[in-house]
Amino acid sequence: MRQYETVFLIIPSLSEEETEGIILKMADIISKKKGKMISKEEWGKRKLAYPIKKFEEAFYVLFHYEGKREIPAELERRFKQTDAILRYLTVIKETKENFRGKRKKVSVEKEAAVPEERKEEKTDKAQQEFFSKEAVEEEK
Amino acid sequence: MAREQKIDRSPVRRYFPPRKKTCRFCERNVRDIDYKNIDILKRYVADRGKISPRRLSGTCAFHQRKLSIAIKRARLLALLPFIED
Ligand SMILES: [Zn+2]
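Heads up: the sequence lines are chains D and Z, in that order.
Positions 0 to 139 (numbering that gives the first Met the number 0) are the ones given, in order, by the first sequence.
Positions 0 to 84 (numbering that gives the first Met the number 0) are the ones given, in order, by the second sequence.
If you're looking for bench data, these hints aren't it; they were derived computationally from the structure.
Check each hint, because a few of them may be wrong.
[Stated by the list, open to error] In silico lysine to aspartate or glutamate, DMTMM-like type, Cα no more than 25 Å apart, as pairs:
hint, chain 1, residue 1, chain 2, residue 2
1, D, K44, Z, D84
2, Z, K49, Z, D38
3, Z, K35, D, E55
4, Z, K71, D, E93
5, D, K46, Z, D38
6, Z, K71, D, E55
7, D, K52, Z, E83
8, Z, K71, D, E4
9, D, K52, D, E41
10, D, K32, D, E19
11, Z, K41, D, E40
12, D, K79, D, D27
13, Z, K49, D, E55
14, D, K53, Z, D84
15, D, K92, Z, D38
16, Z, K35, D, E65
17, D, K39, Z, D38
18, Z, K41, D, E56
19, Z, K71, Z, D31
20, Z, K71, D, E40
21, D, K52, Z, D84
22, Z, K71, D, E56
[Stated by the list, open to error] If you anchor each label on the Cβ, the simulated ranges turn out as follows:
hint, chain 1, residue 1, chain 2, residue 2, range
23, D, K46, Z, S51, 22 to 30 Å
24, D, K79, Z, K20, 42 to 50 Å
25, Z, D84, D, K35, 38 to 46 Å
26, Z, F61, D, K92, 17 to 25 Å
27, Z, A45, D, T94, 32 to 40 Å
28, Z, K41, D, L88, 16 to 24 Å
29, D, K44, Z, D84, 22 to 30 Å
30, Z, L75, D, E41, 16 to 24 Å
31, Z, A60, D, A72, 28 to 36 Å
32, D, F54, Z, N28, 35 to 43 Å
Since we're looking at a predicted model, the values are computed, not measured.
Even for Gly, the Cβ is constructed at its ideal location relative to N, Cα and C.
Can you make the complete structure from the sequences, with help from the hints?
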C-alpha cells in the first residue's frame, strides 16, 4: 500500500453541480477499489499560468489517498475519458518506508521515535517557516 | 592611485572573491520540495520562467534535483509557466 497524491484540473465552464458531480465520481473510484481517502482539497478556480484549450482558468482538486496501484491507474483512465478534465498529475507520496535519500541513515536514527504523522507535520512546518522567513527577508 | 588605475586596465582579470552561497533548503533542513508550494518555486525561476542554475542560486545538487522536478510538475499543472514573455 502506498500513498498517492493526484491533482486534476476541471474546465471552469461547468456549473457548480456538474463540477461537484465529477469530483464525487472520481472520489467514488477510490472507495470502490478499497482505497482510503486521506484528504480531499478543492482549491477552487485558479488562474492558469498559461492557457490550456483556450481556458484561462480551471477548477483544481487534490486527492490524497492510500491504496493499491490500480487506483491511480483507474483514475487516470477515467481522466482521459472525461473531456472536462484539462490536466492531471499523480505522484507517490514519500513516506518513511519508501524514502531513499542521502540522509536516510541520519533520519532513521533521529526520527525513529517520532510518530509518522508528526513527521509529516514537521516537514510542512519547515516549508512554511521557510516561506515566511523568505517573505520577511524580502520585505526588508 | 596611478598604480591602481593601471591594474584595472591590464588584461589580467582582477580576482573577485566569490560571495559564499549556501543552499537555502539545507539551511532550513527541508527534505522534500513540494510542487504545490509555488511561492517558494517562484524564487528559483528567472523572469523568463527558466529554472535558475545552481551557480546563481547556490542550491546544492541534491536540492537542485528536487527543485527542478518540483518546478516541472508545477508547470504541468499550469501553476508555473513554461515560458513567460
Ligand atoms: Zn541543499
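Hint check results:
| no. | hint | verdict |
| --- | --- | --- |
| 1 | D/K44 to Z/D84 | 24 Å, holds |
| 2 | Z/K49 to Z/D38 | 15 Å, holds |
| 3 | Z/K35 to D/E55 | 19 Å, holds |
| 4 | Z/K71 to D/E93 | 18 Å, holds |
| 5 | D/K46 to Z/D38 | 15 Å, holds |
| 6 | Z/K71 to D/E55 | 20 Å, holds |
| 7 | D/K52 to Z/E83 | 18 Å, holds |
| 8 | Z/K71 to D/E4 | 16 Å, holds |
| 9 | D/K52 to D/E41 | 22 Å, holds |
| 10 | D/K32 to D/E19 | 20 Å, holds |
| 11 | Z/K41 to D/E40 | 22 Å, holds |
| 12 | D/K79 to D/D27 | 17 Å, holds |
| 13 | Z/K49 to D/E55 | 21 Å, holds |
| 14 | D/K53 to Z/D84 | 18 Å, holds |
| 15 | D/K92 to Z/D38 | 21 Å, holds |
| 16 | Z/K35 to D/E65 | 19 Å, holds |
| 17 | D/K39 to Z/D38 | 22 Å, holds |
| 18 | Z/K41 to D/E56 | 19 Å, holds |
| 19 | Z/K71 to Z/D31 | 15 Å, holds |
| 20 | Z/K71 to D/E40 | 21 Å, holds |
| 21 | D/K52 to Z/D84 | 19 Å, holds |
| 22 | Z/K71 to D/E56 | 19 Å, holds |
| 23 | D/K46 to Z/S51: 22 to 30 Å | 23 Å, holds |
| 24 | D/K79 to Z/K20: 42 to 50 Å | 44 Å, holds |
| 25 | Z/D84 to D/K35: 38 to 46 Å | 44 Å, holds |
| 26 | Z/F61 to D/K92: 17 to 25 Å | 19 Å, holds |
| 27 | Z/A45 to D/T94: 32 to 40 Å | 34 Å, holds |
| 28 | Z/K41 to D/L88: 16 to 24 Å | 18 Å, holds |
| 29 | D/K44 to Z/D84: 22 to 30 Å | 24 Å, holds |
| 30 | Z/L75 to D/E41: 16 to 24 Å | 19 Å, holds |
| 31 | Z/A60 to D/A72: 28 to 36 Å | 33 Å, holds |
| 32 | D/F54 to Z/N28: 35 to 43 Å | 39 Å, holds |
Comparing the model with each earlier hint shows no violations; every hint is respected.
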